[in-house]
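Protein chains in written order, with the numbering used here: chain A, 1 to 97; chain B, 98 to 744; chain C, 745 to 942.
Simulated from the structure, these hints should not be mistaken for laboratory data.
Just to be clear, a hint being listed does not mean it is correct.
Unchecked claim - With a cut-off of at most 20 angstroms between alpha-carbon atoms, the simulated SDA-like pairs for lysine to any residue come out as follows:
id, chain 1, residue 1, chain 2, residue 2
1, B, K305, C, E759
2, C, K751, A, I59
3, C, K751, A, F54
4, B, K305, A, E68
5, B, K463, B, D625
6, B, K738, B, V534
7, A, K67, B, L313
If you want the building blocks of each chain, they are given just below.
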Amino acid sequence: MIKQLFPIRHVIGYLASLVLSAAALVVIYGDLSDAANMTVLLITAIIQASLQLFVFMHIGESADTKKELYINIGYALFVGLITIFGTLFIFVWGWYA
Amino acid sequence: MDLEKFKVHGEPLIYGAMISIALATIGILVGLTYFKKWGYLWREWLTTVDHKRIGVMYIIAALLMLFRGGVDAMMMRLQTAAPEMKFLDAQHYNEVFTTHGLIMILFMAMPFIIGLMNVIIPLQIGARDVAFPRLNAISFWLFFMGAMLLNISFVIGGSPDAGWSAYFPLASLEFSPTVGNNYYSLALQISGIGTLMTGVNFIVTILKMRAPGMTLMKMPMFTWSVLITNIIIVFAFPVLTVALALMMFDRLFGSQFFTMANGGMDMLWANLFWVWGHPEVYIVILPAFGIYSEIIATFSKKNLYGYTSMVFSMVIISLLSFVVWAHHFYTMGQGVMVNSFFSITTMAIAVPTGVKIFNWLFTLRKGRITFTTPMLYTLAFIPIFTIGGVTGVMLAMASADYQYHNTMFLVAHFHYVLIPGAVFAVIAGFHYWFPKVFGFRLNDRIGKHAFWWIAISFNVTFFPMFFLGLMGMTRRTYTYSEESGFGPLNMLSFVGAVGLAIGFVILVYNIYWSTRYAPRDTTGDPWDGRTLEWATHSPIPAYNFAVIPKVESRDPFWESKRKNIPLYEDKITKIHLPNNTGKPFILGVIFFFLGFFLVFSMWIPAIVAGVGIIIMLAVMSFERDHGFYISAEEVAATEKKLRGETV
Amino acid sequence: MKIDASKPLEYSTEENSNKIFGFWVFLGAEIPLFATLFTVYFVMVNRFADGPSGPELFEIGPVLAETFLLLTSSFTIGLAVHAMRLGYKKATLVFMGITLLMGLAFIGIEIDEFFTYVHEGATLQTSGFLSSLFVLLGTHGAHVSFGFLWGVAIMIQLWREGISPATANKTFIFSLFWHFLDVVWIFIFSFVYLKGLM
Numbered sequence: 001m002i003k004q005l006f007p008i009r010h011v012i013g014y015l016a017s018l019v020l021s022a023a024a025l026v027v028i029y030g031d032l033s034d035a036a037n038m039t040v041l042l043i044t045a046i047i048q049a050s051l052q053l054f055v056f057m058h059i060g061e062s063a064d065t066k067k068e069l070y071i072n073i074g075y076a077l078f079v080g081l082i083t084i085f086g087t088l089f090i091f092v093w094g095w096y097a
Numbered sequence: 098m099d100l101e102k103f104k105v106h107g108e109p110l111i112y113g114a115m116i117s118i119a120l121a122t123i124g125i126l127v128g129l130t131y132f133k134k135w136g137y138l139w140r141e142w143l144t145t146v147d148h149k150r151i152g153v154m155y156i157i158a159a160l161l162m163l164f165r166g167g168v169d170a171m172m173m174r175l176q177t178a179a180p181e182m183k184f185l186d187a188q189h190y191n192e193v194f195t196t197h198g199l200i201m202i203l204f205m206a207m208p209f210i211i212g213l214m215n216v217i218i219p220l221q222i223g224a225r226d227v228a229f230p231r232l233n234a235i236s237f238w239l240f241f242m243g244a245m246l247l248n249i250s251f252v253i254g255g256s257p258d259a260g261w262s263a264y265f266p267l268a269s270l271e272f273s274p275t276v277g278n279n280y281y282s283l284a285l286q287i288s289g290i291g292t293l294m295t296g297v298n299f300i301v302t303i304l305k306m307r308a309p310g311m312t313l314m315k316m317p318m319f320t321w322s323v324l325i326t327n328i329i330i331v332f333a334f335p336v337l338t339v340a341l342a343l344m345m346f347d348r349l350f351g352s353q354f355f356t357m358a359n360g361g362m363d364m365l366w367a368n369l370f371w372v373w374g375h376p377e378v379y380i381v382i383l384p385a386f387g388i389y390s391e392i393i394a395t396f397s398k399k400n401l402y403g404y405t406s407m408v409f410s411m412v413i414i415s416l417l418s419f420v421v422w423a424h425h426f427y428t429m430g431q432g433v434m435v436n437s438f439f440s441i442t443t444m445a446i447a448v449p450t451g452v453k454i455f456n457w458l459f460t461l462r463k464g465r466i467t468f469t470t471p472m473l474y475t476l477a478f479i480p481i482f483t484i485g486g487v488t489g490v491m492l493a494m495a496s497a498d499y500q501y502h503n504t505m506f507l508v509a510h511f512h513y514v515l516i517p518g519a520v521f522a523v524i525a526g527f528h529y530w531f532p533k534v535f536g537f538r539l540n541d542r543i544g545k546h547a548f549w550w551i552a553i554s555f556n557v558t559f560f561p562m563f564f565l566g567l568m569g570m571t572r573r574t575y576t577y578s579e580e581s582g583f584g585p586l587n588m589l590s591f592v593g594a595v596g597l598a599i600g601f602v603i604l605v606y607n608i609y610w611s612t613r614y615a616p617r618d619t620t621g622d623p624w625d626g627r628t629l630e631w632a633t634h635s636p637i638p639a640y641n642f643a644v645i646p647k648v649e650s651r652d653p654f655w656e657s658k659r660k661n662i663p664l665y666e667d668k669i670t671k672i673h674l675p676n677n678t679g680k681p682f683i684l685g686v687i688f689f690f691l692g693f694f695l696v697f698s699m700w701i702p703a704i705v706a707g708v709g710i711i712i713m714l715a716v717m718s719f720e721r722d723h724g725f726y727i728s729a730e731e732v733a734a735t736e737k738k739l740r741g742e743t744v
Numbered sequence: 745m746k747i748d749a750s751k752p753l754e755y756s757t758e759e760n761s762n763k764i765f766g767f768w769v770f771l772g773a774e775i776p777l778f779a780t781l782f783t784v785y786f787v788m789v790n791r792f793a794d795g796p797s798g799p800e801l802f803e804i805g806p807v808l809a810e811t812f813l814l815l816t817s818s819f820t821i822g823l824a825v826h827a828m829r830l831g832y833k834k835a836t837l838v839f840m841g842i843t844l845l846m847g848l849a850f851i852g853i854e855i856d857e858f859f860t861y862v863h864e865g866a867t868l869q870t871s872g873f874l875s876s877l878f879v880l881l882g883t884h885g886a887h888v889s890f891g892f893l894w895g896v897a898i899m900i901q902l903w904r905e906g907i908s909p910a911t912a913n914k915t916f917i918f919s920l921f922w923h924f925l926d927v928v929w930i931f932i933f934s935f936v937y938l939k940g941l942m
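Build out the structure end to end from the sequences listed, making use of the hints.
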C-alpha cells in the first residue's frame, strides 16, 4: 500500500527539489562571484521548474496534445523572457548614458 | 457619502448626453415591457450559450460602440475644423479623444472581430459549438460589462482624459485627480479578462474540435488567422492585466509604480502598455487578413494563392509583434542601440506583410472576379493599407521618427492601417456572412453606395493629416491659431468625416431596408462559397450540422460541389447540446458593480461584490449540468423543414 | 457522454480532455503574467528611495519555511493525483487535505512577513521597490489563497461524489494549478530572496 501510494518517481523528484533548493543557498553562505551566483540560481531554478513540469505535471503524458503543450509553454516563455529582458535592455543596459 | 464626486459638471453637451442616455434606457425598458419581450430577451439572449447568438450580441455591441466612437470622432473633427473653435473646451476634448481611442480599439474593433469569429469559426471547422460554451458566455458578459462601465464614466464621475494610452505621470492621481482613469483601469481590466478567456476557448476549439480530416494545413485561412490571433491574445493580455492592476494600485492604494518620486518610474507604464499594445494591433489586424483571404478566394473563384506562405507569414508576424514595442517611444531616452534594434525588428514585419499582399494579388490574377460589396471593401483595402504600411516603415526609422513623433502624421498613419486593416474588414465580413446568420443578403446596390462614401471620405479625412503632421501640427491639440496655417486642411478633413458619417448612415439604412425587402436565401450558399460554413442552412440550426462533415481538402464545400464528393457520410444521430444558463450574465453584472465600487473607492460594497463573485464561482463549480439531447427524428424533421420540404 | 475507458478518468470524455488542454493554455497565459511582475520587480529593485532595500528587509528563516511548505505540498498534490488514478478516494482526500493545510500555513507565514515589513516601516506606499515586491508576492499569495478555496470546493465534491469523470478532472486541473504556483515560487525564492541576500 505505502509503496503504491508513494511512487518512486515522485519521491525522487521531491527529494531532488529539496536538494536543489538547499544547494541554491550557496549564493548566501558561499563565497562565489556574482556571476557564479547567478549561474547557480539559474541552473537550480530551471531544473526545479522542469522537475515540476515533467515529473509532477505530466506535460508529456497525453499523446494527442503533447506537441501543442510544448509549443504553448515555449511560446509563453518566449513572450515572458522577451518582456523581462527587453525591458531591462531598454531601461538598464541600453539606457542613454 | 459624498454624492458630489458622481456628478459631472459642465456643458450642455454633457447634460444632453445624460438626458439621451436616460431617455434611451427608459425607452428600451418601456418597449420591452410593452411588447412583453422580457422573457424572450432572457431566454433567448441573456442566458444563451450558443456561439452564434453570442457572436451576434458581440456584433450588436460593436455596432453601438462604433456609433459612440464615431460621434466622438465627429466632435473632434468639428472642434478642429477651423482655428480657435469654441465647440469643446480642452478638458472635454481630452475626454473625447481618449474615449474615442479606447472605444474604437477595445470596444468596437475587438468585439466585432470576436463576434465574427464566434459566429463563423465553429461552422468553418465543422463543429457544433466552441469548446467551452459557458465560458464563452462569461467572456461576452465580462466584455460587455467592461464596455458599459467605461461608457457610464461620461455621465457619472467623468471620463478618462489622459489619452487611450494613459501615459504616466499624466494619468496619475496627482495630474488626473478625477475618477476617469479609475474607470480606465477597471473597465479595461474586466473586459480584458473576458478577452483572455475567449483566447483560451478558441485555441482549444480550433485545435481540438475540427471535423475529421481537417488537418492544420487544411484549415480555412480565416480559421488560421483566428488561431494565431487568439495565441497573441493569450500571451499579450496578461501583460495588460498586470499594467492595469499596477495603475489601479497607484491610483487607489497609493503605491509607487509610476510616480515621479520615491523610486517610481513613469516610463515603465509606457513600456508595459506597449508590450501589450503592439501585439494588440495584430490582434485586430490578423483576423482581417483572414476575412480578406476568404473573400478574395470566394469572389475570384480560385483557391488562395500561396496558402503555406500565408500561414507562415502569420506565424512570423505573431512572433515579431512581441519584439517591436519600443518603436512607440523612440524619443523616451533609451540609447541608440535599443532604438536600432527595435527599428530593425519593426521594419522586418513589413516582409511577411508584403508576402500576404502579393499572395492576395496573385489570387486575384486571372480569377473570375465578381464585384460584390464585400469584394469592393477588400479591393480598396489593398492600396489603402499599403499606404498605411509604407508610412509605418517611415515611422519605424528611429532617427526620422524624432520628426514625426506625436504629430498628425502618426494619426494619419494608424488610421490608414486600422481602418482598412480592421474596419473595412469587419464591414466586409459583416456583408459576407450576414446571409449565413439571417438568411438574406444585404442589398448590393445600397451597400456599394455606402462603400463609395466610406472609401472616398476616408481618404479625404485622413490623407490631409499626413501633411498637417509634416507641417508640425501635433496630435491631441484641441485648437490652433489662424497663423499656423492648419485651418484649410483641417476643414477638408472635417468634410471627409461628414462623408464617412453619411456612408455609415447608408450602411445602417441598408440593414433596415434589406430586413424588410431583401429576398430570402433558401440555399444556404448565396455566394457560391468554398468553406464549410456555407454547407449548412441559413439561418443556422442550433446544432450547426445535422451530421459532422468529412473534410478532404482546403475548400471542402467547393470540391464537394464541383466533384460531387459527399460531405456528409454518417447517418443522423441524436445531438448533444449544452443548456442555457443565466449565471454568466449574473457574474457579469456583479463584476460591473465591483468595478463601479472600486472606481469610487467604496470599499465595503466592493468587498461584498468580490465575495459575490467567489460565491458565484463556487455555485458554478458545484453545479452538474450535462446538457440535453435532440433526438435523431427531431433533427431529421428540422432538416427537412429548413430545406423547404413539408414535414 | 462518451467515456473512453483507455484513458485515465480525468481525460475520459472529450469535454474533460478539452478542459485539461484549456487549463494548460491558461497556465501559458500565467507565465507572461508573472514574467511581467518580475519585469517590474527587476526594474524597481534598486529604486528603494528612502525606504529599506531588499537585503535590509529579507530574512532567510521564514522564506525557507515557505519554500519547504510549498515544495512538500506540491509533492503531496502529486501523490493525491496518483492515488486518485489508483482509485483510492480516501488517500486522495488525505493527500489533498495535507496539501491545502500546507498552503494555509504558507499564507499564514506570508501574512506574518507582510506585517513584519509594515511594522518596520516598509509599506506598499514607501517606494517603487516595495510596491513591486508587495505586488509580486501578493499576486502569488492571492493565487495560493484562491487555490485554497478552490481546493476545498473540490474536496467537498470528491467526498460527496467519489472519483467520477467530473471530480477526477477537477482534481487533476487543480493539481496543475498547484504545481504551477510552486514553479512561480521557485523563481521568487531564487531571484527575489536569494538574489537579494546574495
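Here is how each hint holds up against the structure:
no.	hint	result
1	B:K305 with C:E759	10 angstroms, holds
2	C:K751 with A:I59	15 angstroms, holds
3	C:K751 with A:F54	19 angstroms, holds
4	B:K305 with A:E68	10 angstroms, holds
5	B:K463 with B:D625	18 angstroms, holds
6	B:K738 with B:V534	17 angstroms, holds
7	A:K67 with B:L313	13 angstroms, holds
The structure shown violates none of the earlier numbered hints.
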